[in-house]
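S.K.: Residue numbers (this note's numbering), protein chains in the order written: chain X, 1 to 113; chain V, 114 to 225.
There is no bait here: all hints are sound.
Quick list of simulated restraints, FRET-style, between CB atoms:
#1 Gly129(V) with Pro81(X): 49 to 57 Å
#2 Gln17(X) with Asn135(V): 37 to 45 Å
#3 Leu84(X) with Leu130(V): 41 to 49 Å
#4 Gly174(V) with Lys78(X): 40 to 48 Å
#5 Tyr142(V) with Ile38(X): 25 to 33 Å
#6 Thr20(X) with Gln189(V): 38 to 46 Å
#7 Met133(V) with Ser27(X): 34 to 42 Å
#8 Gly114(V) with Lys53(X): 14 to 22 Å
If you are wondering where the hints come from, they were derived from the structure by calculation, not from laboratory data.
C-beta atoms are modelled at their ideal positions from N, C-alpha and C, and glycine is treated no differently.
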Amino acid sequence: GPKVLQIPSHQIIDMGQMVTLNCDPVSNHLYFYWYKQILGQQMEFLVNFYNGKVMEKSKLFKDQFSVERPDGSYFTLKIQPTALEDSAVYFCASSLLGGDTQYFGPGTRLLVL
Amino acid sequence: GDSVTQTEGLVTLTEGLPVMLNCTYQSTYSPFLFWYVQHLNEAPKLLLKSFTDNKRPEHQGFHATLHKSSSSFHLQKSSAQLSDSALYYCASYNTNTGKLTFGDGTVLTVKP
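So that you can see chain X by itself, here it is in the shape it has in the complex (with noise of 0.2 Å):
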């Protein structure tokens, strides 16, 4: 089926500096949204992203997140400054329309220390 990719698969970083997850979405697919999942917990909606903006976030998106996808490239989430309570596995996902089935990548595993 359709394959979404996330680089990088692992990142540990210091807290209070920046990190950029990466996601490859669908070729064709027009919506993109990040959800963050921490261990042992559910998953949880932050954000999704159509026609170069953002659409809808949650309360977990915080001032210090932002996404963009310059130029049809990588849809990027990016956290500025990170926190502890920012680590957790966070996951693309991409769909062709809004309510379509939602192609899940395999998650970048981000530990802030």
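Based on these hints, arrange chain V on the given structure of chain X.
M.R.: Using the frame of chain X, we list chain V on its own:
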């Protein structure tokens, strides 16, 4: 906001017995409902989706029926297999906000 409730956190079954995982939802809009399955250290993958009342999608022996009257989308399978052991998420998609809300998940363990 939208919410999804999965009442069972952990379900343990013997191979061959029927499976039923509960899912109820609350939404101000008529949402789309999904079941995703997540194996350890892997990404969630779509298992089933439903859009209209009384449609019964099926995949890999699993099926679920969307009942708007009871706001439910329970997942069922007639006979559990060892390979069904995984984390199952019910999720609700809000067509107005584009937000997919996940339940807490149910860990299904199938034993020989």
